[in-house]
Amino acid sequence: MRYHSPTSFDEAVGIAAKAQGVTRFLAGGTDVLVQMRAGAVLPDDLIDVKKIPGVRDITRTPDGGWKIGVAVSGAELGAHEELCRDWPGVVEGMELVGSTQVQGRATLTGNLCNGSPAADSVPGLVAAGATVTVTGANGTREVAVQDIPSRPGKTSLAQGEVISAINLPPRGENAGDAYLRFIPRTEMDIAVVGCAVSLRVDGHKIVEARVALGAVAPTVLLVSDAADALIGSTLDDAALEALATAARAACKPIDDKRGTVEFRVDVAGVLARRAARIAYDRAKGVSK
Amino acid sequence: MTKNGSSEFRLVGTRPNRPDGLDKVTGRARYGADASMPGMLHGAVVRSPHAHARIVKIDTSKAEALPGVKGVVTRADFPTGLTGEDWDLQENTMAGEKALYDGHAVAAVAATSPLLAQEAARLIEVEYEVLPHVIDVDDAIKPDAPAIRPGAADHSVPEGSPPNVVRYLEFGHGDIEAGFAEADLVMENTYKTEATHQGYIEPHACVGQLGADGKGEMWVCTQGQWYIRRMCAAVLGIEAAQLRVTPSEIGGGFGGKTTIFMEPLSLALSRKAGGKPVKIVMSRSEVLRATGPTASASMDVKIGMKKDGTITAGYANFRMQGGAFPGAPVDMALYCAFAGYKLANVKHVGYDVLANRPKCAAYRAPGSPMGAFAVESLVDEMARKLGLDPLDVRLKNAVREGDKASYGPTFGSIGLVETLEAAKAHPNLKAPLGPNQGRGVACGYWFNHGGETSVSMAIGEDGTATVSVGTPDIGGGRASIALMVAETLGIDYDDVRVNVVETGALGVNEPTHGSRATFASGKAAVESTNQAIKEMCRRAAAEWGIDPEAVEWVNGAAQPTSSNAGKFAPMTIKEIAAKMGSTGGPISGHYEGLPSGVGASFGTHVVDVEVDPETGRTTILRYLVVQDAGRAIHPAYVEGQYQGGAVQGIGWALNEAYIYGEDGRLQNPIFLDYRVPVASDLPMIDTVIVEVPNPGHPYGVRGVGETGITPPLPAIANAIEHATGQRIRHLPISPPKLLKAIKSAAPSGPTLQAAE
Ligand SMILES: Cc1cc2nc3c(=O)[nH]c(=O)nc-3n(C[C@H](O)[C@H](O)[C@H](O)COP(=O)(O)OP(=O)(O)OC[C@H]3O[C@@H](n4cnc5c(N)ncnc54)[C@H](O)[C@@H]3O)c2cc1C
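Protein sequences appear in the order of chains L and W. Position 38 of the first sequence, counted from 1, bears residue number 38 in the numbering used here, the numbering being contiguous throughout. Position 709 of the second sequence, counted from 1, bears residue number 709 in the numbering used here, the numbering being contiguous throughout.
Bear in mind the hints are in silico, worked out from the structure with no lab data behind them. Misleading hints may appear alongside valid ones.
Unchecked claim - Just some of the chain W residues that point at chain L, by a computed CB distance under 7 Å:
no. : residue
1   : Thr83
2   : Gly84
3   : Glu85
4   : Ile659
5   : Gln667
6   : Pro736
What the hints assert, rightly or not - Under the rule of at most 25 Å between Cα atoms (straight-line distance), these lysine to aspartate or glutamate pairs were calculated in the DMTMM-like manner:
no. : chain 1 : residue 1 : chain 2 : residue 2
7   : W       : Lys737    : L       : Asp255
8   : L       : Lys257    : W       : Glu421
9   : W       : Lys740    : L       : Asp237
10  : W       : Lys737    : L       : Asp189
11  : W       : Lys743    : L       : Asp237
12  : W       : Lys740    : L       : Glu187
13  : L       : Lys257    : W       : Glu177
All residues carry an ideal CB built from backbone N, CA and C; glycine is no exception.
Build the full structure now, drawing on both the sequences and the hints.
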């Protein structure tokens, strides 16, 4: 195995483009190193992105959005007050990842690129309308987060492409987001179902909404029917029921050791309702 | 909380720091994987990916050709002709003709580094002919199930039984039909529990060294160094006396480290590699795939009850699989099932069944939690139906001293009634319950054990004491033994050091199992101490020129009695020790034997749960353990045992289970998916130590380690029924299972309330 520590994304791209065998980028390593230890993935080239200047920065963009470096850890996200005020749902998704120790290392980018359908930070990013900046041999492009995972364990990135930043749009006024997951225990578990809701209100009325589901399909789902169930409502019981029904209808889960199809579909609706209530209260400034 | 308010003792009943505590919190303690020897090699094990397969061919040539590989072993390197349990141990250590479960070892390799050993293991080519397999106990007992080991049945099995039944038992007393006829309510149900793993945090690890001369050594994480010695010697065909086994500190065992797994492989590899020591450390997935889980069980129970709660008859028919080897604890499960009830009429039937799973090992009160789940669930269902308080029903039928036990013997001093009364009086029983909340109670039992015991103690030149015990300290045994020895000698706790010693230092000791260390090694240590005291009195008497009978031991000193009282100043242990070299040489005490007077321990648990009716997720709100300790030598460690047992039982009840795929492979050999409870899942576990002293122990000790895992399984199922109206008779009560039950009961959507 060759270990590389490039000091620019272009250099990283150059190494990745030339690599022949199994290639992995190394951010926090909380997936990659565990997979290596278990013998599940034995990379020929391991490209550490943490030595690239700026990868640990969280910066406000001129339009009021955010640019998050690819090596920013969960703990660093959680400690950033302004970001937490803007996107509490995104941050709470990332903060659910692992334990205190894992939080010191794990990154949003790693969580996304590991490609698990159950990745906890991804529904929040999708609901937020986040994008990633992808750097390749021919420069950079911006891709919606939901277009990165292609199937379990795989991404749509081409060989020689690396994610160089995560971009969150400006939050704006009267908006809130939330993420909830179902696990049988209280921590150190993989989401059986995850759901994020982001919305904006005008008075009591919801005027914008995005709903994303995790762990109920091969990749994260952005469910527009579920969003439509919310838009125009005041989150009354009928809207919540319509939301749950739409969320359930979108699920294409599997039966496995972590949960049954029936259970996942059912709980997706429950979590959608609960997450929508939290996002709504946040949007109205009733809670944090 | 402890009820031990007595000041009868100076040290017994106090809570000093454990002698091994500082080492453990500073990382200085040496666990199994910390052993390291000059020239040491590293071993890796090749394991079957199939649940049941004939081993057609093993080609080790590529592995052997890899530079750095020093030895490869297969079953061909082991002696033949073993029988009975020795053959089972050998077969489980290394598969012979067939791989019997996913994870069964088929070859092992030693190399100069762990990575090289793993690479070499991947180069070993095994050709399998996959055979039909069977996993579930109810499937395994079918007449047409794949026969796993024809001929493995013992004489107890009736002719014409299904092929995987290897042991049958039947016992009881009275006339159950007459008993059922007397009852106002007779109910019968089937209950199932899944296999769970002991879940010790420290994986199995050892360094083994064995020369061509048959002399060897082993450093190993174990509950029983003599068992390791005997079993390794048997499996490898060497002499037990030539193998010296030193136990490490132990990061949990719960019964699972009372037997061998990869230990003989390290010795066999060492012998192959010219006697170089070989270290093997299991990964977590190896631990889950190939070391002792407990058995899974399918159980029918039938009970007759009168309107006032009196139980008129009990019948239990249990089927248990303990893997591809005989030894599921169906006997223990049956002995314990009705142990808390005074029954005139009771009958038990049991089947030990083979399945394509790892060989089960002991797990905390082996069998008892399953039996309790079945019986204590049904008793609760019946009490509910008759509108009776579940604690009162148990009190009405509770066994007391002198009663004939459901499994035959007559009970000596026991404290079941006392635990029930203490539970009734506890404030948790008055805590109000909200919507979707429920309360469950259940009792549990374990016999406890004495067993082969050898202990030495010696007085140091400065008047301190060293105790050598053969029981590895998994539950605070060293602290408790030091307290008892210091109490008896009349010296400070800190002036006693208790060492867990290697096999060369004492006669044979059984492992730390059966909750026996503080009882058996403790009793032996007190007897040894009394011998040393007698000798110290003799030395003082000789110096004073009086009859040794006229000297007594008071507060750490010899003093003259009766007619000599006051004639000589007391001679302290320090004074006697300082000159022992010139008064007759070393002073020590020794005990070996089978300590009698074992005291059984009953417990009563009360749990409050809340169920999320929309997800089926159960939260433990309050948990109370009340258990009879006999006497709590070190109450904090007694409480720790109660809490630990309860937590393991909670895991078993709610989420832990071996999950197999259609292919017979274990799907969750990792702690991410084998879900033991995490700290944030649990409230503080409340404890009440009941003390009904055991007359068979100098300080009244019963064992406390095992009973605590028994009641949680039914107590939680009982609480969940109280909260949801749903009775789940198949563990674990995971969210998908419970949600399904809730929804099928209320198809129009859940509308739940507390039952009270
Ligand atoms: C104990 C434990 C608990 C966990 N709990 C959870 C949990 O609750 N929820 C959850 O979702 N996950 C959990 N995880 C998984 C893991 O921690 C997360 O997925 C984490 O966010 C991964 O981030 P990382 O920085 O460590 O990624 P790494 O391991 O460094 O990388 C992961 C993947 O991302 C790729 N990658 C990294 N950076 C880039 C880049 N810039 N461009 C392109 N590809 C890149 C790598 O090639 C690799 O394939 C847990 C892991 C552990 C060990």
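Task: Violating hint indices (sorted, rising) - done: 1, 2, 3, 8 and 13
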